[in-house]
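Visitor: Keeping the supplied structure of chain P fixed, place chain V with the ligands upon it in accordance with the hints.
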Amino acid sequence: MKILSDIAALLTGMWITWKHIFRRPVTIQYPEEKRTPYPRYRARIVLTRDPDGGERCVACQLCSAACPVDCISMQPGEEADGRRYAEWFRINFARCIFCGLCAEACPTLAIQMTPDFEICKRDIMDLVYEKEDLLIDGCGKSPEYNFYRHAGIGVTQQRGEGIEEKRPVDVRSLLP
Amino acid sequence: MIYDPIDIALILAKIGLVFFVILTLAAYLVFAERKVLAWIQDRKGPNRVGPFGLLQPLADLIKLLTKEDFRPIGADKWLFYLAPAMAAIPAIMIFAVIPFGAPLTLFGHTVPLQVADLNVGLLLFMALSSIAVYGVALGGWASNSKYALLGSIRGLAQLISYELSMGLSLVPVVMLARSFRLSDIVNAQSGCWFIVYQPLAFVIFLISIAAECKRIPFDLPEAEGELVAGFHTEYSGMRFGLFFVGEYINIIVLGGLAATFFLGGWHGPWLPPAVWFALKVLSFAFLFIWMRGTLPRLRYDQLMHFGWKILTPLALVNIVVTGWWLVLRG
Ligand code: SF4
Ligand code: SF4
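Just so you know, the protein sequences line up as chains P and V, in that order. Take 1 as the starting number for the first sequence in the numbering used here and just add one per residue. Take 1 as the starting number for the second sequence in the numbering used here and just add one per residue.
No lab work stands behind these hints, which were simulated from the structure alone. Don't take each hint at face value.
What the hints assert, rightly or not - Going by beta-carbon spacing under 7 Å, a handful of chain V positions derived as facing chain P:
id	residue
1	Trp39
2	Ile40
3	Asp42
4	Arg43
5	Lys44
6	Gly293
7	Thr294
This structure is a prediction, so every number in the text was calculated from the model and none was measured. Heads up, the beta-carbon is just placed ideally off N, CA and C, and yes, glycines get one too.
Just chain P, same shape as in the assembly (with noise of 0.2 Å):
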């Protein structure tokens, strides 16, 4: 009888609720208690420095131009010995998606996200975040990275002389 198993359906259903109704929540309590986010967790971004203590940033526009919603811009600057930075730098988390486009953009992996997820601002002002706010004094995800010792020729050392690099070919000697 197709109204025996409807009622047993309903019953079957009623039956689990009240199972549930004794059940542990699965709340957490969130100012109270917080969950630690996986190390790769995507939040609040920051621009790290290499082993060396140098800005890893060469204002490339890499991750400004891969950001889809537009929210970094800088201005780049060259100091005397040849090596770029970012006279200034800026990400508006306001407008930030946290999708991590920038940091797969960056070739020198300065820029990188923190699993710092509570940036809550009551002027929405304050989550404009200047190169000050951004810059840490770590190496971040990758400590052994330094972009400049395997591409600065000319400004940190000879050509040849960086890392994974061989020495110029003398073509000379390859004559017959």
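Guide: Just chain V with the ligands now, with coordinates in the frame of chain P:
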């Protein structure tokens, strides 16, 4: 007829008490509903305002009172303002005929714990619950909004259909008690509750009152998810609050009536009568909340089919069988 001033004072005190208890209970029913639904869904529910969140209804009230009172362009002003009251007031008026405890003796007067012991109490209940339909119909119609209109059309059809089966399921009760007076119906059950003689009528009545107070699985007039909020889509602030509180008053009142008609009203062993009555009403309220946490909403054609082709014929057959049985028993 000359009234004793003490009598009048006692009646006024009863009215005040009923008002206070019903409104407080309705507010806390909202809270209880949120809590129980949360438990069913493995959540904690409101627990921030006051100890265990117990002051939440008060916070809700303040919120509703301070919200903007909005009226859409093109809405019918007077009907729009009148409809919430038409939904809430009949609901609370029905409670006047429900006996909620054994008669007391105070200052040498016998005080029936019932605001008005009318000899047509049951009919008054049917009439008032029909008036409550106007709140839904006019509220949706006056809002000048398609969602509200659809909601109120559904509400109208649903409430009228299920009122029929509700009324028919009460006929056997009247036949057994031989009275429309609610206190007589309760007294007729001092030996054995009517649910024992009339389990079918009880089930039909229970389903019909779930439909009457527009609860899931019969919440088609509101149907958030299809109709935004149905007939009260355009209401805000305390006018919405009136619809909302009216719905919970309806739960209390209809639960009280179900207890009165089928579960012996305030009759019960050991505990004081008023406590028994409250227990019965609250268990009906819990049942409704529990159902809301479990069942999905019916489709419109299923709702109509169920009401007209199943409940109403069943109730009619039940009346005939009860009649035969009463005649055979003599
Ligand atoms: S995380 Fe996404 S949205 Fe935010 S700054 Fe980076 S690229 Fe832009
Ligand atoms: S953070 Fe990275 S991608 Fe962005 S400008 Fe600096 S070096 Fe380029």
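Visitor: Hint by hint, note whether the structure agrees.
Guide: Against the structure, the hints come out as follows:
Of the supplied interface hints, the one on Trp39 (chain V) holds, with its beta-carbon coming within about 5 Å of a beta-carbon of chain P, less than 7 Å. For Ile40 (chain V), the interface hint holds, the least distance from its beta-carbon to any beta-carbon of chain P being 5 Å, beneath 7 Å. For the restraint placing Asp42 (chain V) at the interface with chain P, the shortest Cβ-Cβ distance is roughly 5 Å, inside the 7 Å limit, so the hint holds. For Arg43 (chain V), the shortest C-beta to C-beta distance to chain P is roughly 5 Å, which falls under 7 Å, so the interface hint holds.
For Lys44 (chain V), the interface hint holds, since its Cβ comes within 7 Å of a Cβ in chain P; the closest pair sits about 4 Å apart. Taking 7 Å as the C-beta cut-off, the interface hint given for Gly293 (chain V) holds, the closest approach to chain P being about 5 Å. Interface hint at Thr294 (chain V): satisfied, since its Cβ lies 4 Å from the closest Cβ of chain P, which is below the 7 Å cut-off.
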